[in-house]
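Protein sequences, first through last, are from chains A and B. Numbering of the first sequence is given in my numbering, commencing with residue 1 and proceeding in unit increments. Numbering of the second sequence is given in my numbering, commencing with residue 231 and proceeding in unit increments.
Among these hints, one or two may not hold up.
Dumping the calculated EDC-like pairs for lysine to aspartate or glutamate here, alpha-carbon to alpha-carbon at most 20 Å [said to hold, decoys possible]:
hint, chain 1, residue 1, chain 2, residue 2
1, B, LYS660, B, GLU644
2, B, LYS388, A, ASP195
3, B, LYS315, A, GLU15
Sample of chain A residues lacking proximity to chain B, with all beta carbon distances greater than 12 Å (derived) [to be verified]:
hint, residue
4, LYS5
5, HIS41
6, HIS58
7, GLN68
8, ARG199
Treat the hints as calculated values from the structure; they're not laboratory data. For every residue, glycine included, the Cβ atom is placed at its ideal position computed from N, Cα and C.
Spelled out, the chains give:
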Amino acid sequence: MESLKYDLTNTPLREVNQFLHSDASLLNGKHIEINNPNGAHHIAVGLKSEATVTIHGHAGYYAAGMNQIADVTIEGSVGSGVAENMMSGRVHVKGFASNAAGATANGGLLVIDGDAGLRCGISLKGADIVVGGSVGSFSAFMAQAGNMVILGDAGEGLGDSIYEARLFVRGKVKSLGADCEVKTMGAEDRKILVDLLERSGHSDVSPESFTLYGSARTLYHFNVAKSGAY
Amino acid sequence: MSDTPNKIPQTEPHQSATFDKLTNSQIRRAAATGIYDIRGGGAKRKLPHFDDLLFLGASMSRYPLEGYREKCGTDVVLGTRFAKKPIHLKTPVTIAGMSFGALSAPAKEALGRGAGAVGTSTTTGDGGMTPEERGQSKTLVYQYLPSRYGMNPDDLRKADAIELVVGQGAKPGGGGMLLGQKISARVAKMRCLPEGIDQRSACRHPDWTGPDDLEIKIAEIREITDWEKPIYVKIGATRPYFDVALAVKAGADVIVLDGMQGGTAATQEVFIEHVGIPILAAIRPAVQSLQDLGMHRKVQLIVSGGIRNGADVAKALALGADAVAIGTAALIALGDNDPELEAEYNKLGTTAGAYDDWHEGRDPAGITTQDPELMKRLDPVKAGHRLANYLTVMTMEAQVIARACGKSHLHNLEPEDLVALTIEASAMAKVPLAGTNWIPGESKF
Numbered sequence: 001m002e003s004l005k006y007d008l009t010n011t012p013l014r015e016v017n018q019f020l021h022s023d024a025s026l027l028n029g030k031h032i033e034i035n036n037p038n039g040a041h042h043i044a045v046g047l048k049s050e051a052t053v054t055i056h057g058h059a060g061y062y063a064a065g066m067n068q069i070a071d072v073t074i075e076g077s078v079g080s081g082v083a084e085n086m087m088s089g090r091v092h093v094k095g096f097a098s099n100a101a102g103a104t105a106n107g108g109l110l111v112i113d114g115d116a117g118l119r120c121g122i123s124l125k126g127a128d129i130v131v132g133g134s135v136g137s138f139s140a141f142m143a144q145a146g147n148m149v150i151l152g153d154a155g156e157g158l159g160d161s162i163y164e165a166r167l168f169v170r171g172k173v174k175s176l177g178a179d180c181e182v183k184t185m186g187a188e189d190r191k192i193l194v195d196l197l198e199r200s201g202h203s204d205v206s207p208e209s210f211t212l213y214g215s216a217r218t219l220y221h222f223n224v225a226k227s228g229a230y
Numbered sequence: 231m232s233d234t235p236n237k238i239p240q241t242e243p244h245q246s247a248t249f250d251k252l253t254n255s256q257i258r259r260a261a262a263t264g265i266y267d268i269r270g271g272g273a274k275r276k277l278p279h280f281d282d283l284l285f286l287g288a289s290m291s292r293y294p295l296e297g298y299r300e301k302c303g304t305d306v307v308l309g310t311r312f313a314k315k316p317i318h319l320k321t322p323v324t325i326a327g328m329s330f331g332a333l334s335a336p337a338k339e340a341l342g343r344g345a346g347a348v349g350t351s352t353t354t355g356d357g358g359m360t361p362e363e364r365g366q367s368k369t370l371v372y373q374y375l376p377s378r379y380g381m382n383p384d385d386l387r388k389a390d391a392i393e394l395v396v397g398q399g400a401k402p403g404g405g406g407m408l409l410g411q412k413i414s415a416r417v418a419k420m421r422c423l424p425e426g427i428d429q430r431s432a433c434r435h436p437d438w439t440g441p442d443d444l445e446i447k448i449a450e451i452r453e454i455t456d457w458e459k460p461i462y463v464k465i466g467a468t469r470p471y472f473d474v475a476l477a478v479k480a481g482a483d484v485i486v487l488d489g490m491q492g493g494t495a496a497t498q499e500v501f502i503e504h505v506g507i508p509i510l511a512a513i514r515p516a517v518q519s520l521q522d523l524g525m526h527r528k529v530q531l532i533v534s535g536g537i538r539n540g541a542d543v544a545k546a547l548a549l550g551a552d553a554v555a556i557g558t559a560a561l562i563a564l565g566d567n568d569p570e571l572e573a574e575y576n577k578l579g580t581t582a583g584a585y586d587d588w589h590e591g592r593d594p595a596g597i598t599t600q601d602p603e604l605m606k607r608l609d610p611v612k613a614g615h616r617l618a619n620y621l622t623v624m625t626m627e628a629q630v631i632a633r634a635c636g637k638s639h640l641h642n643l644e645p646e647d648l649v650a651l652t653i654e655a656s657a658m659a660k661v662p663l664a665g666t667n668w669i670p671g672e673s674k675f
């Protein structure tokens, strides 16, 4: 695979992102390495080709935001909104992620090896998120579709006002949000979990050690009798 | 006159001003249902507005322009601060954000057609961009909202400008609710939700909190779109001086300021009528903020909320706005609340002009509905033509006033061309009470 290297200490990020937005025919199959990111915001955002990008170090907000097709690895930790609104492809954070990781993501796979902060998977719209560690409070808030696998614990208000997303949690859940409840894990759910564990490098983890959470669907139609839940 | 004790003179029945008929009906409705009233539209109460201002016109000290011979420019360029591709509109009257979902597909198409015909922009809404809308809109502004329903980077790139919505005038600080009747299969698919559920729209963005984060968010959108598109920030009118300053600091190219008369697809009546301020009270603080930062005319200001005619346009521009946006007025031009449909409005328990249950999806005009039969009633070509006519009239009306004030461009109108009819309007618009040189709070009577 042809590899290209950028060093953000002497190349403006704008130039790097502009290159990463080049025609797919130029980028498909290429490996782009970004050195010395030093926590810069919005690195490798808006990608839309079959490129592989490796960021050697920590990234700031919105790393790999709105990713399409591309495979982005961050060899460090990231700020808020990693892979926000991702449509497809894969984003892998080797370290920790701050708030709103994978927010509103529609497709693709986000893997976080460490912990994720508050509101991980907020308004999730179809993507898959696997967190090797724990997630902060209010994760999967209003999550509409997609799957979250959390190998550690979850904070307060998990899955508040959740729609049709599946939440697999191995550890403890501090509290569930409104309309989120424990579900029975069926064969289809288990298959999804096993597949995500495999694709995120956790194939050694037993799917039986997880509990599935989802929507009780009692808030799907506004009902004054439920007003205490809001 | 006889003094018979059986004929004591009676007073007229005295209706309470506090407990008037509307209030009493609201109490009875609440008592019967146990739930607050939801409706569409903006504030309906009487508010200080552009009607409370007058232009002075030319006189001994001002020289007017000939109505049919001398040019009075109307164009506006939006997004000159950072965007590589600012948008150039022929008229400063734009179409405000309204969603596919709240509105039918033919209504969205008609808005695009009407706006395109006169060289102005139209705007998407919560729920994403439809191909009909993109196809029929020459200049399309793409709203980036807290819910991110239907949001995807391909549509972001297809847009001519991007409007990051922080709030709207009808409900500053509020999210939204689209009732199940309007969540058709197509709307549900675009929003990634189960069909027929009551859909809630978030009031806060999911991945940023506060103006410092917003600055980074705007920079991300600029990076994704290679700094080509103008980025607007839309705010509901509440604390315009500070909100405008923070939006400028966050990197906005354009600020959209929406007063409480601005419409919504569906919100609680109590929210619409009691939160936010009228647009008349918001423009001067917003302009002052831009002037204090040295950014007036560099960051453009679009104002909305109750704009109805060319006089309103001219007054908004004279107070310092660069352009205006219309929503409710555009729907009326398409055919909303038309008295010709009176019999059908009566069946819905209302009357033409007062119909505001847009969220129920039973609009007989085929505009605020997803019912396939009702929406067939709206011909997008004819409705688009009506909108184009209306936009043309508004623009010409504004020109008439500007020429009378001796201005060769609408943007040359200034506060000194205006006086106020009421003390309230004088204080809010910071123009003198008519016949005096008094501005409350600015000078002594």
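| Hints the structure fails to honour | 2, 5 and 7
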